[in-house]
Amino acid sequence: MNLTQIAWRNIGRNRRRSVLSVTATAVATMSVVMLFSLLSGIADDMASNLTRFYTGEVRIRNEEFSTYEYLQPLHLSVDNAEATVAAVEGTDGVAAAVPRISGGGAVFQDDRRIALLFTGVDFEREREFSNIDEIIAGGEIPVASAEPAGPSGPSDTSGPRLVPAVVGAGVLDRLGIGLGDRFTLVTRTAMRGSNAMSFEVAGVARFPVPALNDAGFWAPLPDVQRLVRMDGEAGEVLARMDRGADERAVTEALALSAREATSTPLEVKYWKEIETTYSFIEMAQVIYSIMGLIFFILAGTVIINTTMMAIYERKKEIGTLEAMGMTPREVVRLFFTESLFLAILGAGAGLVVGVIFASILSRTGIDFTEAFRGVDMEISPVLYPKITPLSTVVVTAASIAVGAITSLFPTTRITRIQPVEALRDE
Amino acid sequence: MITITNLVRTYQTGDNEVRALRNIDLAIATGEFAAIAGPSGSGKTTLLNLIGCIDEPDEGTIEINGSVVHAGKAKERALFRRENLGFVFQSFNLVPVLTAEENIALSLSLLDMPAAERRERLRAIIDEVGLTGMEDRRPARLSGGQQQRVAVARALVKDPKLVLADEPTANLDSETGAAILDLMHELNQSHKTTFVFSTHDPMVMDRADRLITLRDGRIVDDDLRRRAS
Amino acid sequence: MKRTATGIIGVVIFAWTALPVAAADLTAEEIVERLESNQVQETNHATATMVVRDRFGERTSTMESWSKGRDVTLIEFTSPAERGQKVLRTENEIYLFYPDAAELIRLQGAALRESMLGSDISYEDMTGGKTLLETYRVELLGEETIHGHRCYKVGFEARRRNAAYPRQTVWIDTELFVARRSEQYALSGRLLKEIEMDRIETIGGYTIARRMIISDALKRNSSTEFTLDDVQFDIQVDDDLFSLEELSW
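Chains as they are written, first to last, in my numbering: chain A, 336 to 761; chain B, 160 to 388; chain C, 127 to 375.
Restraint-style ranges between C-beta atoms, simulated for each label pair:
#: 1; chain 1: A; residue 1: SER401; chain 2: C; residue 2: ARG285; range: 44 to 52 angstroms
#: 2; chain 1: A; residue 1: GLY473; chain 2: C; residue 2: SER369; range: 35 to 43 angstroms
#: 3; chain 1: A; residue 1: ALA736; chain 2: B; residue 2: ARG178; range: 47 to 55 angstroms
Counterexamples of contact, computed for chain C against chain A with all Cβ distances above 12 angstroms:
#: 4; residue: THR153
#: 5; residue: HIS171
#: 6; residue: GLY195
#: 7; residue: ASP197
#: 8; residue: LEU259
#: 9; residue: GLU270
#: 10; residue: GLY281
#: 11; residue: ARG325
#: 12; residue: ARG337
#: 13; residue: SER341
#: 14; residue: THR353
#: 15; residue: ASP355
#: 16; residue: VAL363
#: 17; residue: PHE368
#: 18; residue: GLU372
Calculated directly from the structure, the hints in this document are not laboratory data.
For glycine and all other residues, C-beta sits at the position ideal for the given N, C-alpha and C.
Given only the sequences and the hints, what does the whole structure look like? Please build it.
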């Protein structure tokens, strides 16, 4: 008969109390497992959206652009865009690079002014870079054209052709148009003048980010360059790295290559250094860890309570065991082991249930569309929890640890009782 | 084997001070089958507890086989009890989740010994106390007398030098009580274990080889009827 | 005919025949009527230069314009960056023609407040139609001297909600009945724009301000300078010029 076996049997003595302890721990553990899985899912989602559609993994811009970013200073551009992209692509550790020009313009319909976000892209490169095939919901991605829209020269009287664009599904709703229809956008140019261009809806995209979906469209870079008078220039060059690449090293290397390709003074930043809502994720992780700890401590109070009750009820038994020659430490170990078993059972149960729910949700997703209405973050409206070592193993270990540690409070008090006092009661 | 000198024990109960034992001097020889008797409040249980070093005296000394055990720390006392003492309680005090055999084995498990020897001892003691066939029952399924047999077996299986029994027959009917008493007396004879009881049961007082009477914390009579052999 | 700079900024032409009138006798309405009646021209044709200044520097564009009566104007930009772009203003609408687009853009309602060519002048500042007195209630606030010239200070308050500016103050020269300065406010009283007119000249019998400097009070370091380089009044201008067909590729 060893302590562990006795401890194990003892938790069956008061079923109701043990179930209470186990349930409290299980509920806390399950909640935290799911919370962390959700958070992992959000982090992944945000990272994907940011790197695909906003910052890439490394973003190269004119170094003055960020200072005046809110004014949309197109003229603060990157010269020699093509050469810069090629230089970045050729850098070791870079998987893909794309040039982009983004800006805001307006479509005038009846007496409505509809603000839209345009992005000039190299569609061929974007297939690789941001996997746009995945978000196309209708029509197709424009094939690279031989030359941009607009008259080819003074003698060309054919008039401008429509520029094919991939348009966010929400934009089409707002404009009340569909595949094959056209719209005309007016915008400021890099020369701080004005220009307009007509687009044809060649493809419909479901951008994962609602802001892009409702206001964004992509058009071929050469046409956009013409629209905003930025021939040969780009607003930014974005890069993605090979899996497992050393971020620091590759960022430095491609910065070097880029600077050789263009005379524009550049700002080159790894995406996590750019201030985006992603930093909230990292903050959220800290906050959730604290919340998780609080949950476990709360569950721990249940364990403290049940342990105290057990000790109280078994005082005579404690006295007997000590009379038989069990040292106070050994008695403490006995009760501690019982609490540990309960904590393990509870955490284990919570883990299993939490993982089951998180798995199901990771497939079906949780639809936050209503909740996120009006929220302008780069998070998709449907989120998929992700089960990770952190959200499972670490959480469970923490749960058990807190449960075990909290049980030490009542149990170590046993050492202060004289055997005769313990035997005296009743 | 037990030498008690000038033992004093006082309790605080609320505002009152209770002098449980006043300057007790006592010596008990090895192998004695002694009873400490007296009305309730006389201090007999207190004396037993002090001998069993589950309580600490305020003044005086208790020597068991030359060791002044109460002077040590809780752990040392526990170890001393482990190796040298056995207890039998009025209300049996068995662990409810363990079977009879497991309860007995529990006291053995605290000691270091090869598994074979353990098994041997268990079998022997179960037999001696007459519990063969019932060793797999939990206390809930044992009668009072059977439970007390388990308790006795538990106390004796480790072959202690001294067994302290606090009113062991109080919760048993007279027939069963007598049987238990007989059992303990047999074991006292066969194992040469010293037995000290506290009791107010006349039957026990009768069977004791030596009867020490306490009143108000003092020894008022010490009657040695039969020498220990 | 053009709107005065008090309400709408566009190609600003003032016509006025100096009539000596005792200033003290005039009511606010009469002053404004005088101001407005000076703007009646059969036709005009002008070229102008617009310089836009902001924190990034200076941008110059040039344009040519034709207008007839009170209602229609055609502007064509001649500077390289916007060559070929045209703006046609009719009574209540504006049409924009961009060579790079495939269709005309029609501005209505709130869209008229779009800034033209990134300047501090909006398309709305060019809408034609109602007279000042129809759009605003006027009040004579006194007299002040602007750049050494005595002016009536007249306050304007919009009668309708969708007027260009809810409130304005215009300083009108007491002798020439030409505006020298104006300020536009939001309903709250917050200053939105300030306009200074100078280089007052008489051409072809009409007294006009050749230069206007508009400052947007809400943006730092932001101003637009609008100068008439060359202007002709009451010349032959073809009606077809103001048709939509004219605005095509």
